[in-house]
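> Spelled out from the first residue to the last, the chains are:
Number of protein chains: 8
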Amino acid sequence: MSEKKVKEIFDQIRNEEISDEEAMLKLRLMPFEDIGFAKVDHHRELRQGAAEIIYGAGKTPEQISEIADVMKKGGQDAILITRLSGESAEIIQKSQPLEYFPQGRLGVIGKFPKPDCNGKIVVATGGTSDITVAEEAAITAEFLANKVERIYDVGVSGLHRLLARIEDLMSADVVIAVAGMEGALASVIGGLADCPVIAVPTSIGYGASFSGLSALLSMLNSCASGVSVVNIDNGFGAGYLASMINHKGEKK
Amino acid sequence: MSEKKVKEIFDQIRNEEISDEEAMLKLRLMPFEDIGFAKVDHHRELRQGAAEIIYGAGKTPEQISEIADVMKKGGQDAILITRLSGESAEIIQKSQPLEYFPQGRLGVIGKFPKPDCNGKIVVATGGTSDITVAEEAAITAEFLANKVERIYDVGVSGLHRLLARIEDLMSADVVIAVAGMEGALASVIGGLADCPVIAVPTSIGYGASFSGLSALLSMLNSCASGVSVVNIDNGFGAGYLASMINHKGEKK
Amino acid sequence: MSEKKVKEIFDQIRNEEISDEEAMLKLRLMPFEDIGFAKVDHHRELRQGAAEIIYGAGKTPEQISEIADVMKKGGQDAILITRLSGESAEIIQKSQPLEYFPQGRLGVIGKFPKPDCNGKIVVATGGTSDITVAEEAAITAEFLANKVERIYDVGVSGLHRLLARIEDLMSADVVIAVAGMEGALASVIGGLADCPVIAVPTSIGYGASFSGLSALLSMLNSCASGVSVVNIDNGFGAGYLASMINHKGEKK
Amino acid sequence: MSEKKVKEIFDQIRNEEISDEEAMLKLRLMPFEDIGFAKVDHHRELRQGAAEIIYGAGKTPEQISEIADVMKKGGQDAILITRLSGESAEIIQKSQPLEYFPQGRLGVIGKFPKPDCNGKIVVATGGTSDITVAEEAAITAEFLANKVERIYDVGVSGLHRLLARIEDLMSADVVIAVAGMEGALASVIGGLADCPVIAVPTSIGYGASFSGLSALLSMLNSCASGVSVVNIDNGFGAGYLASMINHKGEKK
Amino acid sequence: MSEKKVKEIFDQIRNEEISDEEAMLKLRLMPFEDIGFAKVDHHRELRQGAAEIIYGAGKTPEQISEIADVMKKGGQDAILITRLSGESAEIIQKSQPLEYFPQGRLGVIGKFPKPDCNGKIVVATGGTSDITVAEEAAITAEFLANKVERIYDVGVSGLHRLLARIEDLMSADVVIAVAGMEGALASVIGGLADCPVIAVPTSIGYGASFSGLSALLSMLNSCASGVSVVNIDNGFGAGYLASMINHKGEKK
Amino acid sequence: MSEKKVKEIFDQIRNEEISDEEAMLKLRLMPFEDIGFAKVDHHRELRQGAAEIIYGAGKTPEQISEIADVMKKGGQDAILITRLSGESAEIIQKSQPLEYFPQGRLGVIGKFPKPDCNGKIVVATGGTSDITVAEEAAITAEFLANKVERIYDVGVSGLHRLLARIEDLMSADVVIAVAGMEGALASVIGGLADCPVIAVPTSIGYGASFSGLSALLSMLNSCASGVSVVNIDNGFGAGYLASMINHKGEKK
Amino acid sequence: MSEKKVKEIFDQIRNEEISDEEAMLKLRLMPFEDIGFAKVDHHRELRQGAAEIIYGAGKTPEQISEIADVMKKGGQDAILITRLSGESAEIIQKSQPLEYFPQGRLGVIGKFPKPDCNGKIVVATGGTSDITVAEEAAITAEFLANKVERIYDVGVSGLHRLLARIEDLMSADVVIAVAGMEGALASVIGGLADCPVIAVPTSIGYGASFSGLSALLSMLNSCASGVSVVNIDNGFGAGYLASMINHKGEKK
Amino acid sequence: MSEKKVKEIFDQIRNEEISDEEAMLKLRLMPFEDIGFAKVDHHRELRQGAAEIIYGAGKTPEQISEIADVMKKGGQDAILITRLSGESAEIIQKSQPLEYFPQGRLGVIGKFPKPDCNGKIVVATGGTSDITVAEEAAITAEFLANKVERIYDVGVSGLHRLLARIEDLMSADVVIAVAGMEGALASVIGGLADCPVIAVPTSIGYGASFSGLSALLSMLNSCASGVSVVNIDNGFGAGYLASMINHKGEKK
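Chains as they are written, first to last, in this note's numbering: chain A, 1 to 252; chain B, 1 to 252; chain C, 1 to 252; chain D, 1 to 252; chain E, 1 to 252; chain F, 1 to 252; chain G, 1 to 252; chain H, 1 to 252.
In isolation and in its complexed conformation, chain A is listed as follows (with noise of 0.2 Å):
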């Protein structure tokens, strides 16, 4: 649509209609994607997936539903909807062919595709509480076609539990490390993996975990190398951040 504007342009130009100065301004005066920024477009569908995710949270679910539907006219075959409740889960099942997630409050419009990379993304949680905040990250990473491996409740005050898982561990090329309370998991993970440590505070704990802001700041202070920081509660971002990661150098 837009390159047909431009070529008519620039047919104007080759017709002399136009001097050289009303091309110019022509150019500067059309919307900004028309001029030349295919790439951000471009990337904005393959990166952001904004055709491929929905943030359920704040939407009623039949606008859920409604964008859904413009997505699978458009093309789609699998749909994300993350933040999502099992009461709008409910509603949406009526007209969508929805798998819900009730841990990770996600739901699955389509089929999961498979791994299309060699690498592994591990999720480990430091305790049971932090588990919805993990599933979050880790059907995310699923969605989006990667090999997800979940070591849950190896808290760090039972250290044995979470070297028992050594071998995994060590064999990943990316780790997600979601933690509350005291959010040492990071820390611990950061010097026993090999890879990316992706820290993700939650708000699970009490008292002087003021809502994750004890995990968040000792995610932040970690002295392991190789280690780094998504908000609190963000499991959908580090899941998506892992992917990143896990496809570099395989698909791209």
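FYI, nobody ran anything at the bench for these hints, they're computed from the structure. No experiment lies behind these values; they were computed from the predicted model shown. Yeah, the Cβ is synthetic: ideal placement off N, Cα and C, and Gly gets one too. Fair warning: there could be bad hints in the mix.
Which residues of chain E face chain D? A partial, calculated answer using Cβ under 10 Å [to be verified]:
hint, residue
1, 12
2, 70
3, 114
4, 115
5, 119
6, 160
7, 173
8, 196
9, 198
10, 222
11, 229
12, 232
13, 236
14, 238
15, 240
16, 246
Fit chains B, C, D, E, F, G and H to the supplied structure of chain A, relying on the hints for placement.
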């Protein structure tokens, strides 16, 4: 002295020199501790160690030296001075037989006592920069007649260093875990050791360590049972409390 | 079980069925705890009490009841359930002989043990609103076989109430000081008692108490020696640590 | 001066030189205080003491000396200078008969007045490091003609020291409680004394005292009635307010 | 009662039924207040008003009614109940002659006393939303026999409303300045009034008011002399302190 | 009315019925606004719009309706009600011709005025969740007779969307930039637009957004010149200020 | 230059030397600003004043002098240097005709322009210590061709000083309110003045002023309409924005 | 060495010199890493780079030089020293062939390796003051054999500067976004680039930047996917993590 005064009142009662009302008034008007709270005074001597420990911060070398002289005349064999700068120590050394410990910023006049109980206090640090605070704790505990074992630079991002010392940790009666940055050491040790763990956050770090706040919150949120926390950089307090616990059941 | 596996490897060595290199690799690849950290496992049982204590928050009554059944089959005589709501307790009581303590939000299946050491733990509170947290600490300590004495509502703004109980305080082996608002109780008790004081800030208060932050900071800054602090509202942690200290030198 | 202007307008009204509307406009356009808020001005003199007190911080010794000269010409007998460094004091002393109080960082030109009311202000501190702020309060109160009694170093972790002075506390008309660290002094005194207590948090402490924040929050959360709080280290403000309360009902 | 016990001991001394040592021990072991701190007890009654004021928060209507019954039997004519919800008040009214003040969330059983001193307390608010806290202060002060004048909704962004009441402000003996949001009211009144100003920050506001923190900090930083601050929303504390100051020099 | 009183005093002066001193005293004792600050009153009417805008939060529908009736009798053609819930709006609609705007939570009684100045206010948001606050700003500005253009959902993580609207931004006279989360929108717009930018942080977000604190700090730290900030979620304040700036130089 | 390149592409189109696709690709690969965002560039020059204002902090006097030389060669008549220390100024003065303003820490090379619009900017401060920031604002505004009036030391605790200048305030077109401590000045002025008020919190104060946080929060919570806030101590930003508003409708 | 010890035990087993129980005990008592966690050790060497990187802060030049000597004897060709002051560098240069990079406060002994993978790391900064941190990141990445491209001073308030480099950004494999103040750079780059973005908040700024807190929160709240955050000013950590990601899929 005060007992004498009370007995004088008793005499006056007995001799019917004063009425009940007068006796009661006299008792009320006596200085508080004279009536009966000798125990308060007594335990202060034993426990607060006002006679034995001088908090050096904010005192001139001259003031410290004078206080020490008074203490020595009062019969003290050994005096501990905390938060003592090297410059002050040098000046005091001109008039007192002071041994100075630059890492822990402590000075000792007189001899260290021999350990008088069987227990062992382990002092562990996450990094080498935490050693200043750790030495304040360790030397305080030694001064209070405890056997102390140091396990320094065993931060959780290099777990094998900590695990290599697991025998030492598991045979401790009290552990003092000193760490800045993410403060995860306390949780990991709390999960390994079978004794009370006193966590000391340090102000070591930069950025989001916020002068020890990150380590402090981490330690307060420890999922490991048996962990409690003292103020940031409070090595003395940790050493003192560790000694109190270590002597329990052995000497009283 | 794991010992058996290791011995099989030893047999293969002895029988020269495998090379040294193969033996070493096998040992390395065995789950961590199988090699030798039985001690870790063992102490976990003794200390972490995973077999004895269930953290009730976030678990359904059905889940709790199931875990309790498993424990009982494993030979446990007594099980403590913390952070248990009255509603959950009622449901559990249909299938388990549960005694419920509404003030401390705790349930106990089975019998309390008799105190097995001579020491005494005193639990003190500043106000009546702090009693919920105090009871969590007190009943936990009783469940762990300690003699417990309660001194409630002795806040520092009415000092005579606290001083009226000074005998009880001074004969304690451990004191748990529970207070919200300004949290001064820990300092005052720390100055009176001759034993370790575990301070528990509570979230009781309003305005500038900032959900327990005020009490927490107060307690961390206590000038009294021998005071350490656990997380806001962490009655269980205080009771557990107090029991650990109280049993020191008596039973191990 | 301004009264003169208003009377001129009255004259013009009387002489019918101006209309009512013109008179009203003239009044409106006069500087605010000229119209009628002489009381504002007057009380400023009495109360704000702009003529008597110089806030020394940020002023050069020369500026201070000049202001003092102007004040003396205006008839002031005594001038108080707060937040005055020793160096500045020495320079001012060359041109002014200044008495310097290094502990309170205050200077006084002229004589202290005699107490002009019967009440007594007690200034208490938790530790010796709080004395700087306490002296600022005490000398300010003395300068404003109050009888002041000092009870220093009576922190709550050594309660017997405070109780030994209970008679002095209970006979006070106003108490200023100065404390850093955990700031518990204000609550304890608030529970003992039968008069208004002005709490002054100090920035004394380290670690989790966060430059006085801990003491400030403690004091604001005091359960004792009759306690109010001024800014951290604001000894002058406390002394001023105490004087205001102490003079109530006696001199006005 | 306790005096009786002490006199019995005196009798035993007189009758030489016990030795001095025994007498001294008996005195020491008596409940604290029995020995001599009658003054403590006495002032508690007068001042802490434990017999007159019930803190309603966290108490059931039944508990409150019971306490009131006990107080009335003890001779109390008037009882103030703070932080009392309308629902609780209705229930209590069935068994007690309770007058309920919904704006201040206060209930009064019995009659208000007449003002017993000449001074006047002014209660001012910045906005209409602050009136809840202001009424808590005002009615508390009235209950404690003070003359109270209300100046509501005179926030500093409409200065003429405040200035219109300047006569009332300047004739006050104590002012209580209640304000949320930016809390500037305290400073402006502090600059206008010639008496102690008790500032009460409220949690009114949104966004960067951070539940009263903004107003609290503002008030602590007031440049006006004579201003002190109580906890956020602490209307009762302000009313109580104001009464204490107002009665100074008049009744004791 | 008040002018009449002043003129009566003038009469008395003229008729020499009162002395100058008496006249001055009478003027001083008159209510503040009666003396001369008509200007204050006048501008309040024009600017504060007390007669035109009702802050709905905390008012019952009945109260709002009553206030509106009074305003209408006073001659107001249009009344804006902010922070109005849908439920309240429905009740008011029974007695008032109210148009309700659910997104901005605003109600308008009467007609919107036509824009009375040439300038254009652009309201931009980072996300769709910020629209509530944005609409509060936009409708407020429209109610105050401004031309408003909305550019919603142009957050900086999809820069092409913002750049596509660059013409609209660059032709604005004032921009209101509404954003939660990282709040970067204000800086980016501040760098593109050639006019004052009013930044409104919103409480949209989770975790480390800390209820708008993150966006607030971002906006205050904007490196772009010409940016200033209002309170979190304060759409009304932004719309009001934008109108004030937009009308500058055009209508006064 | 870049226009030339674009025209070359146009020539190639015209001469059919390249296909439409090639032309489009070439345009896309050109540096961003070459394509058409001349407007961006242009407004940068006009508005951001990169050519006119040098941010002095972190630059050596030599660097500043060099940048000034380049600017002067580029045709600049007047250059403003902010955050310039006296030492740096002296060095620059050796090579540049620099006028230095120590109070505002600003230097100006060349002449100040005459005001080119009718409006007046008033800069007000709460105290004398805020004058540094105020002068940065005032001189910036003067440098940008505005008439500026200073009203210093009119803090709200001495309201009569502010009211004495009410005529000046009410005739302003923009007010910059500079205050530390409690920051109430912005609200009071916002209630008096009939124009936009730019509030500048300063870091002046101590204790609970927390380096300007108290003033910042106060100003953000102002109940007065028309007030917005810039960063702590950001005098330049306030002066710049004030100039932008003041020139609105007059010069563009 | 340790392998030798294990083989000795195997020999003893084979020779039936020890029982299985004795063998097991011996293995348990050996230093942790000797048993089998060679992998731990090995990866530490490769990854933690303990042998290659020296954290310079808090070490004397002499200590650094000694450590370097040991490393060189151990076969290291190149050694990186971080947080190295210019003064220390000069001293070290006397005994070591050290190249010093003052902007990044880094020293390198030996030669930089050539890039050993195809990917490109882009390091971008918002302002010129952020370059110190950026250079720490960039040189670390170069030292770890990566191709690095610098895009400095492209802050979001001058968007055209950033967009001019869009080709460079979009061809990156990893981007390190370094910014202080409002930290918006990370979000904008996160929306443009198609690869992982590592955000580094810096402590650059003043006032409400609160030493990097503002930038930190901004970056954590980024709406752009693929963004994660390291500690404030942690250039080394960002460079290290970027290298880890960049080498993924290429070299292992």
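> Each hint: holds or not?
Hints, one by one, checked against the model:
Of the supplied interface hints, the one on residue 12 (chain E) is violated, with its beta-carbon coming no nearer than about 27 Å to a beta-carbon of chain D, more than 10 Å. Checking residue 70 (chain E) against chain D by beta carbon gives a least distance of about 21 Å; that is not within 10 Å, so the hint is violated. Given hint, residue 114 (chain E) at the interface with chain D, is violated; its Cβ is 19 Å from that chain's nearest Cβ, farther than 10 Å. Against a cut-off of 10 Å between C-beta atoms, the interface hint on residue 115 (chain E) is violated, since the closest Cβ of chain D lies about 15 Å away.
Against a cut-off of 10 Å between C-beta atoms, the interface hint on residue 119 (chain E) holds, since the closest Cβ of chain D lies about 8 Å away. Using the Cβ-Cβ criterion of 10 Å, the hint placing residue 160 (chain E) at the interface with chain D is not satisfied: the shortest such distance is roughly 12 Å. With a cut of 10 Å, the hint placing residue 173 (chain E) at the interface with chain D holds, because the nearest CB-to-CB distance is about 7 Å. Checking residue 196 (chain E) against chain D: minimum C-beta separation of about 5 Å stays under 10 Å; hint holds.
The closest approach between the C-beta of residue 198 (chain E) and any C-beta of chain D is roughly 6 Å, which is under the 10 Å cut-off, so the hint is satisfied. Satisfaction of the interface hint for residue 222 (chain E) is found here, the shortest Cβ-Cβ separation to chain D being roughly 8 Å, below the 10 Å cut-off. Look at residue 229 (chain E): its Cβ gets to within about 5 Å of chain D, closer than 10 Å, so that hint holds up. Among the interface hints, the one on residue 232 (chain E) holds; its C-beta lies about 8 Å from the nearest C-beta in chain D, closer than the 10 Å criterion.
A least Cβ separation of about 8 Å between residue 236 (chain E) and chain D falls short of the 10 Å threshold, and the interface hint therefore holds. Given hint, residue 238 (chain E) at the interface with chain D, holds; its Cβ is 8 Å from that chain's nearest Cβ, closer than 10 Å. Hint status for residue 240 (chain E) relative to chain D: holds, with the closest Cβ pair at about 5 Å, below 10 Å. Annotation: residue 246 (chain E) was flagged as interfacial toward chain D, and the flag holds, the nearest CB pair being 8 Å apart, inside 10 Å.
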